[in-house]
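Asker: Chains as they are written, first to last, in our numbering: chain U, 19 to 373; chain V, 54 to 553; chain H, 4 to 331; chain L, 65 to 356.
Derived by calculation from the structure, the hints in this document are not laboratory data. A hint or two may mislead.
What the hints assert, rightly or not - The list that follows gives simulated cross-link-like pairs (lysine-lysine, DSSO-like), each with its CA atoms no further than 27 Å apart:
1. Lys386/V x Lys216/V
2. Lys74/V x Lys64/V
3. Lys325/V x Lys251/U
4. Lys374/V x Lys386/V
5. Lys374/V x Lys161/U
6. Lys440/V x Lys117/H
7. Lys272/L x Lys87/L
8. Lys337/V x Lys74/V
9. Lys328/L x Lys87/L
10. Lys105/L x Lys335/U
11. Lys185/L x Lys272/L
12. Lys222/L x Lys142/L
13. Lys105/L x Lys142/L
14. Lys355/U x Lys74/V
15. Lys161/U x Lys397/V
16. Lys428/V x Lys440/V
17. Lys251/U x Lys313/H
18. Lys161/U x Lys313/H
19. Lys161/U x Lys386/V
20. Lys313/H x Lys74/V
21. Lys185/L x Lys209/L
22. Lys386/V x Lys251/U
23. Lys117/H x Lys355/U
24. Lys440/V x Lys386/V
25. Lys332/L x Lys335/U
26. Lys337/V x Lys374/V
27. Lys277/L x Lys222/L
28. Lys313/H x Lys325/V
29. Lys185/L x Lys295/L
30. Lys209/L x Lys222/L
31. Lys142/L x Lys328/L
32. Lys335/U x Lys209/L
33. Lys185/L x Lys277/L
34. Lys397/V x Lys325/V
35. Lys440/V x Lys498/V
36. Lys251/U x Lys216/V
37. Lys74/V x Lys397/V
38. Lys251/U x Lys161/U
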Amino acid sequence: MKQTQPCADTLQQARLARYSPGSTKASARYLWPLAALILLLAVNLLLDASFFQLSFQDGRLYGSLIDILNRSAPVALLAIGMSLVIATGGIDLSVGAVMAIAGSICANLLLQADLPLALVIAAGLATGIAAGLINGTLVSYLKIQPIVATLLLMVAGRGVAQLINQGQIVTFLRPDFAWLGSGSWLGLPLPVWLVIAMFGLSQLLLRRTALGLFIEAVGCNATASRYLGINDKAIKLFVYAFAGFCAALAGMISAADIQGSDANNAGLWLELDAILAVVIGGAALSGGRFSLLLSVIGVLIIQSLSTTIIVSGLPAKFNLLIKALVVLLVLLLQSDKFRRQLSSVLPKWRKGGQA
Amino acid sequence: MTTPSLVLELKQVCKHFPGVKALQNVDLRLFAGEVHALLGENGAGKSTLIKVMTGALAKSSGDIYFNGQQCHFASPAAAQRAGISTVYQEVNLLPNLSVAQNLFLGHEPRRFGLIQHKKMQQQAQQLLLRFKLNIDVTAPLAQYSVAVQQLIAIARGVAMSAKVLVLDEPTASLDSSEVQMLFDVMRQLREQGVAIVFITHFLEQVYQISDRITVLRNGSKVGEYLTADLPRSQLIEAMLGKELQQLTQQQAATAVAKQAEPLLVLQQISVKGSLSDISLTVAKGQAVGLAGLLGSGRTEVCRAVYGVDVLSGGEIQFGGKTLTLQQPADAIKAGIALCPEERKTEGIIGPLSIRENIMLALQARRGWWRYLPVKQQQQLAAFYIDKLQIATPDADKPIEQLSGGNQQKVILARWLAINPQLLILDEPTRGIDIGAHAEIVLLIKSLCQQGMSLLVTSSELEELVAFAGKVVVLRDRQKVTELSGDNMTAQHIMQAIAEG
Amino acid sequence: MMSLRYLPLWITAALLCLLFGIGGWQFDGFASLAVVSNLFSDNAFLLIVALGMTLVIISGGIDLSVGAVIALSGVATGLLISQYQWHPLTAFALIVPAAALFGALMGVLIHVYKLQPFIVTLAGMFLARGLATTLSEESIAIDHSFYDAIAEFGFALPGGGWVGASTMIFMVLLVLVIMLMHYSRFGACVYAIGGNSQSAQLMGVPVASTTIAIYALSSVLAALAGIVFTFYTFSGYALAGVGMELDAIAAVVIGGTLLTGGSGFVIGTVLGVLLMGVIQTYIIFDGSLSSWWTKIVIGLLLFGFIVLQKVLSRRTALTTVAGSTAHG
Amino acid sequence: TTIGFSQVGSESGWRSSFSESVKREASARNIELKFADAQQKQENQIRAVRGFIAQRVDAIIIAPVVETGWAPVLREAKRARIPVVIVDRNVQVNDDSLYLTRIASDFTEEGRKIANWLMQKTDGKCNIVELQGTVGATAAIDRAKGFNEVLSAHPNAKIIRSQTAEFTRSKGKEVMESFLKAEQGGRNICALWAHNDEMALGAIQAIKEAGLKPGQDILVVAVDGVPDYFKAMADGEANATVELDPHLGGPAFDVIAAYLNGDKDIAKYINNTGELFSQDTAAAEYQQRTNK
Ligand SMILES: Nc1ncnc2c1ncn2[C@@H]1O[C@H](COP(=O)(O)OP(=O)(O)OP(=O)(O)O)[C@@H](O)[C@H]1O
Ligand SMILES: Nc1ncnc2c1ncn2[C@@H]1O[C@H](COP(=O)(O)OP(=O)(O)OP(=O)(O)O)[C@@H](O)[C@H]1O
Ligand SMILES: [Mg+2]
Ligand SMILES: [Mg+2]
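Construct the entire structure; sequences and hints are all you get.
Answerer: Here is the structure:
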């Protein structure tokens, strides 16, 4: 079938002479978020000399770094789900509420006479998936705009969680479930393992099959994707269900962590942190390419920032101010234009960069 | 004719994108009262040159002189204020605004600072009458087909052109009658001393209208010629850097079609609000052409067969079985593929790479679970980049960074890769340079010979005649007639379109 | 024939009347001018913020900072009046331009550095609220004769209704914004940018200045809303308006504006806010819902409404299209 | 009688108990209660009060979300001759005829009480870490004020770390973890002072996970007196709390009933600042509270 013309090769070579491939590397995308993270950690070190110290106590690692990892677990899970939703050009505001629902379902089941742990976890995850399916149906089949569709569940969902708990914090005494939140394994807290597992499995699911590519295609151009045979509605349904699943897992971790389900406050405003993390990781809210790793880096940046603020000892009323400034700085660092301006202002820096 | 004055001059202009030297030391001279054709194969740098010239892109180096003075346009708005109006490639209008708003954006008639909507609509109506378009100017632009949008874009450019009018492939989706209308308008403007830059891949049009030609190749200027002095063969050689192999005009496809069994049978299909009672048959290994004027319903037939629009009546039979199509995926499963007309919104997936754009349809048919190994993806991409002569440094470049014609080739490759039973091509050669054009026509023929059936829409009747075994003529979204065999000439088709 | 473009508006209005009718039939005192005028005066600040939000969303952006700007402008007003003894009008004269600057800066970040509006304005939200808490954690009461005069200003309607200063300010702003959006070149540019900012750029729209102006305007309207909010509560408080950006966005979207930008009507937003207000009023009149059922019912009512709106407009659109082709 | 009740929201378990008790009390007294949840927003509360006025209820109870900004709407209620009872928090108005009475605990006093207890316990020598409530919340500001007032008289006691944990259990745990790390694993800390019990309960878990004994290695004091906290005290993991009684419905209805029956002589402020509880009585109290 291949029909080559006599001079085509040389011609093609002549054409390609003006191209120099591979000048924009994918790794460049990782540079600035990572730089921001390292910078923040360095600031922490300045504030508290013992910041990087790790010790081994009661069979687990103990130290501020571990705390950051541990504390970022719920948001990291949310961000993994949110990355996919955002990749399709959507957004999910309901994940915080879904966390609360999943937590309250589990807590109430745990109060029932000895239900097996697996059943409780399965029920929690199923709630998350169900919530996600509701969102997904609203978005893809009823064509309601994602912000509003998920806002509905954000409002009503917390109501449902409170209804289940009757507005109280439902505490439970189940060491096996609590282990999910505060246990540890091979020295690392269990939530960290859960994130690692979820990250790995998602990565396998998305990159070893065509699912990830389909999600990106739908996010870049849903019409064209439908024209080439991708079921864009099913893809959207899937990402919301997936986000619901992740949110439920996050909700269970938070509930296990305090050994109680706080329907009023569990996951409150965490959706914003998750979105922020995904965007700090460089994703476009209009949809398109996603990178779970970058989203997780984004989460770590946010969590280190929180830790920095707590460690810094500044009055609490400055928290938001600092957060705003750091976020702006991180965003600006990712802007080519800003870096160019910065390097022209700082000539030394430019020399260093060229060398 | 008085001695023409130099309006715009580009000297040693360079433009570099990351990884690509799109323009290298290009000169361009533009005189008042001339039509200047800017020619070159896909990816030669024509559109980039236009964008640099009109402030849409910042140049890397070089100088621009306007009316003898060196100048620098910071934005298209600045160029517009100076008297240069531009119709860019790919219709760059706003689908959400009404036709009238699109025509007058930034120049709305006002009183006391408030826009006079009524007056604007009247003026818009009049402006479009110049192009024989009698449409509802208050309706959103998105309601109209690409061709109509193209005309509206041209009308906007014409209405605002003071000294220079730049048209980047304005005729790509126009039929011959519209092209003639456009040429009439261009001649009038030329008379008035307006300088016009005209980009096209149709050489007849170049010889019909242009006075002077500048040819680009691989981002550099090959030369500037007077149209009258440059024979067609030399022009082609200048553009391609080689001679074009002559197409052998053979009527092979017709013969096959005679005895072959029918593959696609449309029985009186209708779509609510767009098509009524259309019947046609496509045989195995046959190429059927769809001809008609703007808005005659060609695109809509394609969409109906592909399951984009849901039928309100009639029946589609495919390979002897009745098809009920809810979405394109159903059609693809049955073995039908569509290469859509609106490349930007329905074809390319901009930020994804060429490789991914090529393999996606194949992958969608395999399902999400059976991922095509990256190695095979690369082979596939390399094969088609080579076969269709897609100008790109590597297969991992985002498709949106390719030139228009090269994007079209990638979309074509996407469908060839799944090897469908029936391939529907809606304006497949839109914006494709003549070298590639010849190759695509050859390709279509060879596909037919291998047993693939084709349903092709094209505004170029010659092209249709060249490979189609049968041409179906549509008017007002109804079938007028079918032509085949000796009847099937451009002449006859024209007649059928006109009279019915 | 009624233009199809206005169809969603009519449907929204009809549903609003329907809900109001149900309320009136169910509860005494619901269908009264007092409730209608309360609808405006209780929501004046939200209406004003939503006007700005409409502008931003039509341009294809979003502004999450408005709730925090309300708080900041309220706290600043309170501080200047109560602590520094400024006259309210002088305080407003400082705050409004400052808000314009704040919005313009966000616009610059969005346009010049190509950062995403969602995130820039989220940072703006943190910043404004952070500034507000830094200025004063405690709520500042405002006690000034000007405020008393404002509270008295207005005229009564029969049946206990009252049109006060806030309502009037909103009405004036509404007319101005409608003029701006539907009858000025600036408005046309906003729609153009929302449609496709690249195309708009190529068509000669001054994208930079328009984008900056849009965000500046949104912040100005938010600051005005903050001032109206101080008329409402006679105080400035750093935690005022938490989550109000989401209310405003919801109202805009319910009013038929697409979040992708490029289409929508200012008046639709007003209907959206009123609808949410009627739902609130309905729940208050009912008075039997617990905290959680309140949330669930609000969610369900909004959901039912949005779905009804979708279904109705799709069905009517289909029948009108079919009808027109049958005739034509 | 019909009575409108404008509640702040349902941000905590304490708040929910409060709402529930008002409802229970109302149905016991055959009062038709119009309940309006404001979801932490003052504008919603004002809207609700105006809605009550439009419905011509017999009396209105407000649990205000903020102290300021009530004068205009209270004036409207007065014009409509509807008595208003303010519960839980204070309101700042110049004219105290705008409301019938105010039934509230004194947040500053709560702070003082708990501080006094702590100073006594530690002989005025203590490094304290503080978990603040939501930034800007009245309860947080005033409790801190009262606490610091007492502390200023004890030069050897000081707050070494202070950060908001937003009144929630999970934040309490998170912030406490950081405090422990920052203060040499907690060896530096003598006491934890949390603006509410929930945060303290979260922090107790953090202390335990860090290998210390809450209640002994680090003293724990807070305010509210929720059942879970009594349990923690009974288990020896917390030391003291000042109760904030959520059963405000009864007193409010009593006052309203008296007023409607023509009693014009009603005190403007009914103080119900709760008692301080410590480990001694905790077990019994917990029993009593969970049985109810
Ligand atoms: N934004 C961009 N980024 C990177 N490369 C680009 C970009 N735009 C254009 N190019 C490259 O510049 C070259 C010239 O493209 P241009 O669009 O000017 O071609 P053209 O002559 O107009 O072709 P066509 O006839 O297909 O429209 C192409 O190789 C293209 O890949
Ligand atoms: N000249 C016209 N006047 C009014 N409406 C038109 C005109 N041309 C196209 N339209 C509108 O555009 C719609 C799309 O037409 P369609 O794309 O099917 O046409 P087509 O035959 O494929 O022509 P082309 O693709 O060349 O524009 C039609 O339904 C019609 O509403
Ligand atoms: Mg081009
Ligand atoms: Mg067509």
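Asker: Hint by hint, where does the structure go against what was stated? Just the numbers, ascending.
Answerer: 1, 5, 6, 7, 8, 12, 20, 25 and 36
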